[in-house]
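Visitor: Keeping their order, the protein sequence lines are chains A and B.
With UniProt numbering, the residue at position 32 of the first sequence is 32, and numbering never jumps.
With UniProt numbering, the residue at position 12 of the second sequence is 12, and numbering never jumps.
Calculated from the structure, these hints are not laboratory results.
In this text, a Cβ means the ideal position worked out from N, Cα and C, and glycines have one as well.
Don't take each hint at face value.
[Claimed, not checked] Ranges between beta-carbon positions, derived for each pair:
| id | chain 1 | residue 1 | chain 2 | residue 2 | range |
| --- | --- | --- | --- | --- | --- |
| 1 | B | I232 | A | E96 | 30 to 40 Å |
| 2 | A | A68 | B | E257 | 48 to 58 Å |
| 3 | A | I15 | B | L81 | 34 to 44 Å |
| 4 | B | E229 | A | E96 | 29 to 39 Å |
| 5 | A | Q99 | B | K86 | 16 to 26 Å |
| 6 | B | L81 | A | A68 | 55 to 65 Å |
| 7 | B | N244 | A | P20 | 52 to 62 Å |
| 8 | A | P110 | B | N244 | 42 to 52 Å |
| 9 | A | I15 | B | E229 | 23 to 33 Å |
| 10 | B | I116 | A | P110 | 21 to 31 Å |
[What the hints assert, rightly or not] Here are some of the chain A residues that sit facing chain B, going by a computed Cβ distance under 10 Å:
| id | residue |
| --- | --- |
| 11 | P16 |
| 12 | K18 |
| 13 | F33 |
| 14 | E41 |
| 15 | P88 |
| 16 | H94 |
| 17 | L97 |
| 18 | E101 |
| 19 | V117 |
| 20 | A123 |
| 21 | W127 |
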Amino acid sequence: MESTPAQDMQTNSPIPPKPPSEEGICEPMYGGFSRFEIELEFVQSLANPQYLNHLASQQLLTQPAFVAYLAYLRYWSRPPYVKYLTYPGPTLRHLELLQQETFRQNIISPDLMNQLVEAGMKAAVDWHRET
Amino acid sequence: MDKYIDGRFERLEKALAVLVDSVNKYHPSIAHAKEIELADSELSKGLEDVQTHQNNYIRIQELRKSSAALDSQIRDTLSSLASTRKDIVTTHATTFPPGPSYPFSYEELLSYARRISKTTMPSASMIAAAAPAAATSPETTQTPQATEFTGATPSAAPTPSQPQSPAINGAPTPMQSQVQPSQQTSTLTTLPDAYSDYLNPLSGQPFYPWPQEHQIRGGALASNQLLSEQGIDPKGYDPVEVENRKQKEEEERRAKEEQEKQEHQKRLEEERERQLRQQEEWRRNTAAGSSPTQSTQPNAPPVKKQFQFSSLDDLDDDDDD
Chain A
1 MESTPAQDMQ
11 TNSPIPPKPP
21 SEEGICEPMY
31 GGFSRFEIEL
41 EFVQSLANPQ
51 YLNHLASQQL
61 LTQPAFVAYL
71 AYLRYWSRPP
81 YVKYLTYPGP
91 TLRHLELLQQ
101 ETFRQNIISP
111 DLMNQLVEAG
121 MKAAVDWHRE
131 T
Chain B
1 MDKYIDGRFE
11 RLEKALAVLV
21 DSVNKYHPSI
31 AHAKEIELAD
41 SELSKGLEDV
51 QTHQNNYIRI
61 QELRKSSAAL
71 DSQIRDTLSS
81 LASTRKDIVT
91 THATTFPPGP
101 SYPFSYEELL
111 SYARRISKTT
121 MPSASMIAAA
131 APAAATSPET
141 TQTPQATEFT
151 GATPSAAPTP
161 SQPQSPAING
171 APTPMQSQVQ
181 PSQQTSTLTT
191 LPDAYSDYLN
201 PLSGQPFYPW
211 PQEHQIRGGA
221 LASNQLLSEQ
231 GIDPKGYDPV
241 EVENRKQKEE
251 EERRAKEEQE
261 KQEHQKRLEE
271 ERERQLRQQE
281 EWRRNTAAGS
291 SPTQSTQPNA
301 PPVKKQFQFS
311 SLDDLDDDDD
321 D
């Protein structure tokens, strides 16, 4: 998990990228991928607790620019973007948790990471059992 | 009412008695007769009153009855109203979370549900296996619930490092396969592994409700990271396009080579043709100069014959000369 979001992504305007549509969108591509694809991938990677731990270990979660980027990524919790998340539960939960400074500080601890793993697994199973 | 009508009767009887008495005494009087007539009319009026009274009484009875019925109806309605109200109060209404709500279409929701079912839904056996685990004892909450949830094979193989609750079933992953194969406590009727693997290729794979490390490593961000490590700015750089361009160039180069080759071939052929023509010309020239050595030309046999004939003719001509 060495991949980290390109820094130039953070300096982009706070307007979320347009979701894919029928008509072609002319916007710059990054290594052959659109901003929409890259941001979708990154926000879903946040669902993985180990990735969060990795980001914390890279000192990324303390950078103001990165925190602003996390705040910007909250557009994924709204339509029309939310329907593109294939891991909606953990993704949005971790995205909200990442808005808290204490969480950003604490996720470097492996204990919290393991707790998140456990809770995520339990939630996935329990939710389906109850319904 | 009885007293009222009794009084009338008494008055009539008394008047009648007085009249009879007076008739008995042979001394009837008009006054007595008048009196009896009055009493009689009074009595009939009284009887009419009685009739009205009776009618009224019946009516009162009826009204009472209907009022009682209405009362009971009101009571029933009220009690049902109260019970309904209680039901309504105790009914659990859907509590919408605070915050904005957005409209969506039914089709959209269904297609989304279908799309995320693979990434959010653990296998059925896993859910079934987790049910007794949650129900057993509080100690299950202390043990790490799910480090390796796996699919349909109902065998238990706890990891050595993290003691799981025994009720959680987990198929041995490649890492765990050497650990405790004796713990298989399968009592369910299951298909042989080969069949179930064939029917559900995802069975036996661990389930995680988030993307895995290898997926993140194989994604767009990782490839961009790789590009920037190579010193290429990923913005505006499309490896596919570059690859396509390379391929195109390669194709063009190959086409060019092919063309050159063809041209070369063509040139060679032309050269040969030219040589042939030259030879023929030379032969004709030499034949005109009556040279018998013409037959040594490296030509095809039928052509050779022709040449022989011609050379013979030539010879004949020569002989004639």
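Visitor: Next, verify each hint and record whether it holds.
Guide: Hints and how they fare:
At about 35 Å, the CB distance of I232 of chain B to E96 of chain A agrees with the hint of 30 to 40 Å. About 55 Å separates the C-beta atoms of A68 of chain A and E257 of chain B, a value consistent with the hinted range of 48 to 58 Å. Hint check: I15 of chain A to L81 of chain B, Cβ distance near 56 Å, so the stated range 34 to 44 Å is violated. Restraint check, E229 of chain B to E96 of chain A: a C-beta distance of roughly 32 Å satisfies the suggested window 29 to 39 Å.
Between Q99 of chain A and K86 of chain B the beta carbons are some 43 Å apart, a value that contradicts the proposed interval 16 to 26 Å. Checked against the given bound of 55 to 65 Å, the beta carbons of L81 of chain B and A68 of chain A, roughly 58 Å apart, stay inside it. Taken as a hint, the range 52 to 62 Å is violated for the pair N244 of chain B and P20 of chain A, whose Cβ atoms sit roughly 21 Å apart. Checked against the hint of 42 to 52 Å, the C-beta distance between P110 of chain A and N244 of chain B comes to roughly 45 Å, which is consistent with it.
In this structure the hint that I15 of chain A and E229 of chain B lie 23 to 33 Å apart at CB holds, the actual value being about 29 Å. With their beta carbons about 29 Å apart, I116 of chain B and P110 of chain A fall inside the hinted range of 21 to 31 Å. The restraint placing P16 of chain A at the interface with chain B is violated, with a minimum CB-CB distance near 15 Å, outside the 10 Å limit. Evaluation of the K18 of chain A hint against chain B yields a violated restraint, the C-beta minimum of about 17 Å exceeding 10 Å.
Annotation: interface hint on F33 of chain A holds; nearest CB of chain B at approximately 4 Å, less than 10 Å. The beta carbon of E41 of chain A comes within 5 Å of a beta carbon in chain B, closer than 10 Å, and the hint placing it at the interface holds. Hint status for P88 of chain A relative to chain B: holds, with the closest Cβ pair at about 6 Å, below 10 Å. Satisfaction of the interface hint for H94 of chain A is found here, the shortest Cβ-Cβ separation to chain B being roughly 8 Å, below the 10 Å cut-off.
Hint status for L97 of chain A: violated, given a least beta-carbon distance of 13 Å to chain B, over 10 Å. Among the interface hints, the one on E101 of chain A is violated; its C-beta lies about 22 Å from the nearest C-beta in chain B, farther than the 10 Å criterion. At its closest, the beta carbon of V117 of chain A sits 7 Å from a beta carbon of chain B; the interface hint therefore holds under the 10 Å criterion. Checking A123 of chain A against chain B by beta carbon gives a least distance of about 8 Å; that is within 10 Å, so the hint holds.
Taking 10 Å as the C-beta contact cut-off toward chain B, the hint placing W127 of chain A at the interface holds, the least distance being around 8 Å.
Hints 3, 5, 7, 11, 12, 17 and 18 from the list above are not met by this structure, while the remaining hints are.
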